[in-house]
Amino acid sequence: MSKGVIFDIKRFAVHDGPGIRTTVFFKGCPLHCLWCHNPEGIAKGPELMVRSSRCARCYSCVGACPRGAISRNSGPIAVDRAKCDLCGECVNVCMYEALEMAGRVVSVKDVVQEIERDRIFFEQSGGGVTLSGGEPAGQPDFCRGLLAEMNRRSIHAALDTAGLATWDALWKCASRADLILYDLKLIDGKKHLKYTGVSNAPVLENLKKLAAAKKDIVARIPLMSGVNDDDDNIQGTIDFLRRLETVEKVSLLRYHQGGREKYKNLDRVSSFQIYEPPSEKRMEEIRRKFTDAGFHVKIGG
Amino acid sequence: MNERVKKLREQSLNAVPSITDERARLITEFYKSPEAGRMSYALQHAMAFKHILEHKAVCINDGELIVGERGPAPKATPTYPEVTCHSVQDLEILDSRPKTWFKSEARVRKTYKDEIIPFWRGRSMRDRMMAELPQEWKDAYEAGIFTEFMEQRAPGHTVLDDKIYKKGMLDFIADIDAAVAKLDFVNDPEAFDKREELRAMRVAAEALITYARRHAEKARELAKKEKNKQRKKELERIAEVCSWVPAHAPRDFREALQNYWFVHLGVIIEYNTWDSFNPGRLDQHLWPFYAKGLKTGELTEESARELLECFWVKFNNQPAPPKVGVTAEESGTYTDFALINVGGLKADGSDAVNDLSFLLLDVIEEMRILQPSSMVQISSKGPDAFLWRALKIVKTGFGQPSIFNTEAIVKEMVRQGKSLEDARDGGASGCVETGAFGKENYTLTGYFNMPKVLEIALHDGLDPRTGKRIGVRTGAPAKFRTFAELFAAFRTQLKHFVDIKIMGNNIIERLYATYLPSPFLSILISDCVAKGKDYHAGGARYNTSYIQGVGLGSMTDMLTSVKYNVFDKKTVTMKTLLAALDANFKNDENLRRRLLNKTPKFGNDDDYADDVMKSIFEAYFEAIDGRPNTKGGRYRINLLPTTVHVYFGKVTGATPDGRPAGEPLSEGVSPVQGADRKGPTAVLKSAGKIDHVRTGGTLLNQKFTPALLADEEGIRNLGHLIRSYFKMDGHHIQFNVVTAETLREAQKHPDKNRDLIVRVAGYSDYFVDCGTELQNEIIRRTERSEGSRPIPD
Numbered sequence: 001m002s003k004g005v006i007f008d009i010k011r012f013a014v015h016d017g018p019g020i021r022t023t024v025f026f027k028g029c030p031l032h033c034l035w036c037h038n039p040e041g042i043a044k045g046p047e048l049m050v051r052s053s054r055c056a057r058c059y060s061c062v063g064a065c066p067r068g069a070i071s072r073n074s075g076p077i078a079v080d081r082a083k084c085d086l087c088g089e090c091v092n093v094c095m096y097e098a099l100e101m102a103g104r105v106v107s108v109k110d111v112v113q114e115i116e117r118d119r120i121f122f123e124q125s126g127g128g129v130t131l132s133g134g135e136p137a138g139q140p141d142f143c144r145g146l147l148a149e150m151n152r153r154s155i156h157a158a159l160d161t162a163g164l165a166t167w168d169a170l171w172k173c174a175s176r177a178d179l180i181l182y183d184l185k186l187i188d189g190k191k192h193l194k195y196t197g198v199s200n201a202p203v204l205e206n207l208k209k210l211a212a213a214k215k216d217i218v219a220r221i222p223l224m225s226g227v228n229d230d231d232d233n234i235q236g237t238i239d240f241l242r243r244l245e246t247v248e249k250v251s252l253l254r255y256h257q258g259g260r261e262k263y264k265n266l267d268r269v270s271s272f273q274i275y276e277p278p279s280e281k282r283m284e285e286i287r288r289k290f291t292d293a294g295f296h297v298k299i300g301g
Numbered sequence: 001m002n003e004r005v006k007k008l009r010e011q012s013l014n015a016v017p018s019i020t021d022e023r024a025r026l027i028t029e030f031y032k033s034p035e036a037g038r039m040s041y042a043l044q045h046a047m048a049f050k051h052i053l054e055h056k057a058v059c060i061n062d063g064e065l066i067v068g069e070r071g072p073a074p075k076a077t078p079t080y081p082e083v084t085c086h087s088v089q090d091l092e093i094l095d096s097r098p099k100t101w102f103k104s105e106a107r108v109r110k111t112y113k114d115e116i117i118p119f120w121r122g123r124s125m126r127d128r129m130m131a132e133l134p135q136e137w138k139d140a141y142e143a144g145i146f147t148e149f150m151e152q153r154a155p156g157h158t159v160l161d162d163k164i165y166k167k168g169m170l171d172f173i174a175d176i177d178a179a180v181a182k183l184d185f186v187n188d189p190e191a192f193d194k195r196e197e198l199r200a201m202r203v204a205a206e207a208l209i210t211y212a213r214r215h216a217e218k219a220r221e222l223a224k225k226e227k228n229k230q231r232k233k234e235l236e237r238i239a240e241v242c243s244w245v246p247a248h249a250p251r252d253f254r255e256a257l258q259n260y261w262f263v264h265l266g267v268i269i270e271y272n273t274w275d276s277f278n279p280g281r282l283d284q285h286l287w288p289f290y291a292k293g294l295k296t297g298e299l300t301e302e303s304a305r306e307l308l309e310c311f312w313v314k315f316n317n318q319p320a321p322p323k324v325g326v327t328a329e330e331s332g333t334y335t336d337f338a339l340i341n342v343g344g345l346k347a348d349g350s351d352a353v354n355d356l357s358f359l360l361l362d363v364i365e366e367m368r369i370l371q372p373s374s375m376v377q378i379s380s381k382g383p384d385a386f387l388w389r390a391l392k393i394v395k396t397g398f399g400q401p402s403i404f405n406t407e408a409i410v411k412e413m414v415r416q417g418k419s420l421e422d423a424r425d426g427g428a429s430g431c432v433e434t435g436a437f438g439k440e441n442y443t444l445t446g447y448f449n450m451p452k453v454l455e456i457a458l459h460d461g462l463d464p465r466t467g468k469r470i471g472v473r474t475g476a477p478a479k480f481r482t483f484a485e486l487f488a489a490f491r492t493q494l495k496h497f498v499d500i501k502i503m504g505n506n507i508i509e510r511l512y513a514t515y516l517p518s519p520f521l522s523i524l525i526s527d528c529v530a531k532g533k534d535y536h537a538g539g540a541r542y543n544t545s546y547i548q549g550v551g552l553g554s555m556t557d558m559l560t561s562v563k564y565n566v567f568d569k570k571t572v573t574m575k576t577l578l579a580a581l582d583a584n585f586k587n588d589e590n591l592r593r594r595l596l597n598k599t600p601k602f603g604n605d606d607d608y609a610d611d612v613m614k615s616i617f618e619a620y621f622e623a624i625d626g627r628p629n630t631k632g633g634r635y636r637i638n639l640l641p642t643t644v645h646v647y648f649g650k651v652t653g654a655t656p657d658g659r660p661a662g663e664p665l666s667e668g669v670s671p672v673q674g675a676d677r678k679g680p681t682a683v684l685k686s687a688g689k690i691d692h693v694r695t696g697g698t699l700l701n702q703k704f705t706p707a708l709l710a711d712e713e714g715i716r717n718l719g720h721l722i723r724s725y726f727k728m729d730g731h732h733i734q735f736n737v738v739t740a741e742t743l744r745e746a747q748k749h750p751d752k753n754r755d756l757i758v759r760v761a762g763y764s765d766y767f768v769d770c771g772t773e774l775q776n777e778i779i780r781r782t783e784r785s786e787g788s789r790p791i792p793d
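Same order as they appear, the protein sequences are chains F and H. The opening residue of the first sequence carries number 1 in my numbering; numbering runs sequentially from there. The opening residue of the second sequence carries number 1 in my numbering; numbering runs sequentially from there.
Hints in this document: simulated from the structure, not taken from any laboratory. The C-beta atom is built at its ideal place from N, Cα and C for all residues, glycine as well. Accuracy of the hints is not assured; some may be wrong.
Cβ pair distances, simulated, as ranges [what the hints assert, rightly or not]:
(1) Thr296(H) x Lys214(F): 34 to 42 Å
(2) Lys650(H) x Arg67(F): 42 to 50 Å
(3) Asp751(H) x Trp167(F): 28 to 36 Å
(4) Lys3(F) x Asn590(H): 52 to 60 Å
(5) Asp751(H) x Arg104(F): 21 to 29 Å
(6) Lys575(H) x Tyr59(F): 51 to 59 Å
(7) Asp80(F) x Asp751(H): 39 to 47 Å
(8) Glu245(F) x Ser615(H): 26 to 34 Å
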């Protein structure tokens with residue numbers, strides 16, 4: 001069976017599709033959204049996360065590192081990421097949970113075993129599994145393998161995708177999913193490029209194809225003040241979705257600053273931006289616009 | 001809530017808990033009389049009960065519709081010197097302690113000093129017990145291995161069924177007379193004792209009628225003087241009601257409530273029984289009266305609501321009798337555990353939820369008072385709407401109602417040998433204790449400190465806190481080569497202390513049966529009248545003695561840690577570990593962190609730890625379940641702590657799960673505070689691996705922030721979480737709403753709050769994993785949503 005890289009399995013996820021769910025976070029994402037709240041999901045391989053606030057300054061890790069990549073200052077430790085080869089020795093000796101490896105290689109069987117643990121809750125609540133990330137379609141074989149296993153086991157499966165993948169890869173996964181949570185960030189191509197580092201042309205194109213295939217789709221729109229909560233983007237998104245005809249459900253996700261701490265933990269503060277969430281009033285206005293356009297709207301996942 | 005109820009509720013909240021010497025004086029007066037000395041113990045106590053009810057003050061508060069107080073005024077709390085005789089110093093402590101205090105006037109202390117203490121010293125049950133119990137019992141008690149419920153309060157632990165709604169005291173008297181008439185003095189060697197007991201019951205039944213008639217008289221007197229026409233009418237109605245019940249069976253909704261209340265007062269005046277007493281399945285008992293009242297037009301939903309709310313206030317006016325010492329530590333609360341059961345199944349197995357069930361939930365939500373406590377019984381046949389309605393109250397954050405699994409309750413009782421019908425008519429009372437309502441004496445005999453027993457096993461029988469050898473020699477742990485050897489040592493110590501506890505119980509149960517029979521309670525619980533036997537002596541149809549296990553989560557983590565770190569992974573030697581424990585981890589924080597953070601823990605659906613839990617459960621079950629008590633019944637286990645996990649923690653040194661000395665143990669079957677890190681489904685899975693059906697109740701606490709339940713979907717998901725746990729035979733679950741204050745604490749002490757989940761935005765996360773700025777934002781948000789007042793204690 002194929003293997004994949006994931007960075008978390010979260011049980012009792014109640015905002016990623018119907019009912020009580022387990023969400024599997026895939027590692028690796030072709031987008032680089034400046035507001036990303038799961039920055040550890042972007043790179044493909046494992047990464048070392050350093051939570052300085054938890055460092056007890058015991059410096060056990062300094063001695064444990066075979067490559068001398070960790071240095072002791074007067075305060076918390078610092079990691080020279082150029083030297084670090086992600087062997088994980090430091091994580092093993094850290095008793096304070098200040099060091100953590102984001103990302104691990106797992107088999108379909110490993111993940112299924114963890115998923116099965118909450119079967120009783122899925123069945124009771126009409127929940128299931130959500131594959132998220134990162135970008136699940138970025139590991140199409142692994143993703144499809146997992147989804148096929150969910151199908152076989154009668155576990156409802158949702159695919160949370162940013163839509164940037166070859167159609168073949170995306171369809172390989174999407175065709176096996178019971179529900180698609182499709183992220184739509186910006187309708188304007190230039191702005192999309194500016195804020196996510198990539199063009200939205202394939203994203204929109206893939207969504208059209210999925211809609212044409214009559215998949216059950218929820219459009220998920222993260223909203224950041226001053227980035228995409230303006231009337232132009234909202235109206236543009238509404239127009240685009242209406243033309244698809246088969247997409248009726250929209251989730252509006254209000255931005256939060258939950259990623260801030262993680263940028264520090266990855267030593268990548270400068271790669272991201274901190275935004276403000278739209279005001280509650282603005283969220284309500286946006287909801288109204290979608291509702292008036294005939295969509296079923298939910299604020300939150 | 002209307003103006004009347006608002007006023008009564010306010011009065012109840014503002015009433016100051018105080019000690020009244022009324023009961024103590026009256027009972028002493030009677031026992032000093034020459035006639036008292038000429039009677040059997042049963043009759044003597046019934047006559048004392050009669051003397052109290054004939055002479056105690058009758059209190060009718062302004063605006064009340066349901067009347068009667070245990071003391072001379074709301075929250076004026078009597079004492080029970082025949083059970084435990086407080087010292088003057090006790091009264092001073094009660095008066096001055098910061099929590100659950102009771103005001104005691106100088107006059108009361110003087111009465112105690114001059115009259116009460118001189119008579120009861122040496123004669124009270126507590127004094128008798130201490131004279132009778134062997135030294136090894138006292139050693140274990142003082143070490144904090146177990147507590148003793150009957151040391152300051154009488155056994156009660158029972159709940160009423162529907163019999164008082166069908167029979168008045170006069171009907172019970174007829175039953176008693178019939179039982180006396182049937183006695184066979186030729187062939188039944190116990191006939192004399194039975195007649196004495198039945199005579200005592202008769203006296204007690206008459207006494208309650210007298211007590212109610214005194215209320216009727218008082219109401220008539222007040223009515224004569226009353227200027228307000230409306231109130232005058234109400235008082236006249238009170239007089240009518242009190243002249244009819246409890247002598248006769250109630251005829252309508254109001255009489256049903258007043259009747260219950262007199263019976264309740266009878267029980268809590270007779271003794272300071274554990275768990276005040278409780279109507280049990282109130283929506284079932286009242287349903288016929290409610291339905292009939294609505295049909296005839298005598299009652300409306302509104303008038304029923306008002307009466308129920310007046311009834312609710314009566315409970316809140318009766319704080320739990322004052323407790324001191326260890327008993328106060330194990331149950332430090334004013335609440336007296338009258339747990340109203342709503343919902344569940346009928347005796348025929350059909351869904352019992354009715355309109356009145358929903359009305360009771362309205363009352364619970366509106367009243368928002370400490371007493372009575374309330375719970376909902378959720379059966380698989382019951383409507384989800386009922387569960388959701390209950391959860392909407394839970395969400396407001398005053399800890400009520402708690403949620404119980406009817407099917408688990410029924411299975412537990414059937415396993416214990418009760419009939420299916422009796423099981424379905426039963427429920428849970430106190431905290432979580434399963435019982436066949438109206439038919440069972442299910443006495444909780446004391447909490448049992450499992451972690452302390454392991455501590456003693458780790459010290460070859462020695463209590464490291466005192467240096468006393470109170471256990472048996474099970475070998476030096478440093479020499480154990482396998483985990484099995486350690487477990488065997490634990491099992492030996494467990495058996496040793498359970499034996500001591502049971503030996504004590506056998507003495508205490510017989511002391512109560514002999515010296516302090518309970519004739520009034522015996523009328524109410526089947527089959528005491530038919531058997532002619534007292535409630536304390538095995539008169540009830542079912543007789544169960546519980547030893548409540550405490551610290552299952554801590555215990556699991558402790559043994560798991562030793563298994564994992566010493567025997568399996570060999571990260572530390574037993575010798576080093578024990579030295580670190582004895583030094584309370586001084587200079588070895590890294591080791592403590594390893595035990596905390598790098599070791600499997602209960603509550604994470606991790607079979608490594610959960611399998612250890614199962615073996616502990618089996619050991620505890622085997623040591624206790626099925627052993628005979630003195631009442632013809634059996635010992636059973638349950639798993640709940642009230643507040644004793646704090647006291648048990650105080651007497652237990654540092655433990656192998658990384659817990660420093662003196663810190664609280666885990667409570668109920670909940671994981672160690674902060675040890676569960678995989679979310680609520682994992683906690684429920686771990687707790688679901690306990691075989692709840694072989695207990696008489698387990699207690700699981702979960703925390704949540706109001707935002708997790710912000711919308712309908714949140715409520716439904718919580719409902720699903722509960723139903724899933726119940727599919728695993730989970731017995732009970734209770735939710736504590738997290739306040740901004742708790743979050744601030746969690747910010748300061750992240751280690752103890754690793755389990756705290758908050759809704760961040762479109763997702764939820766562990767609070768301690770959120771950055772400081774985000775934490776602050778969540779705290780502000782939680783503060784904003786804290787609209788409602790906390791309940792007064």
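Among the hints numbered above, which are violated by the structure, and what are their numbers in rising order? 1, 3, 4, 6, 7, 8
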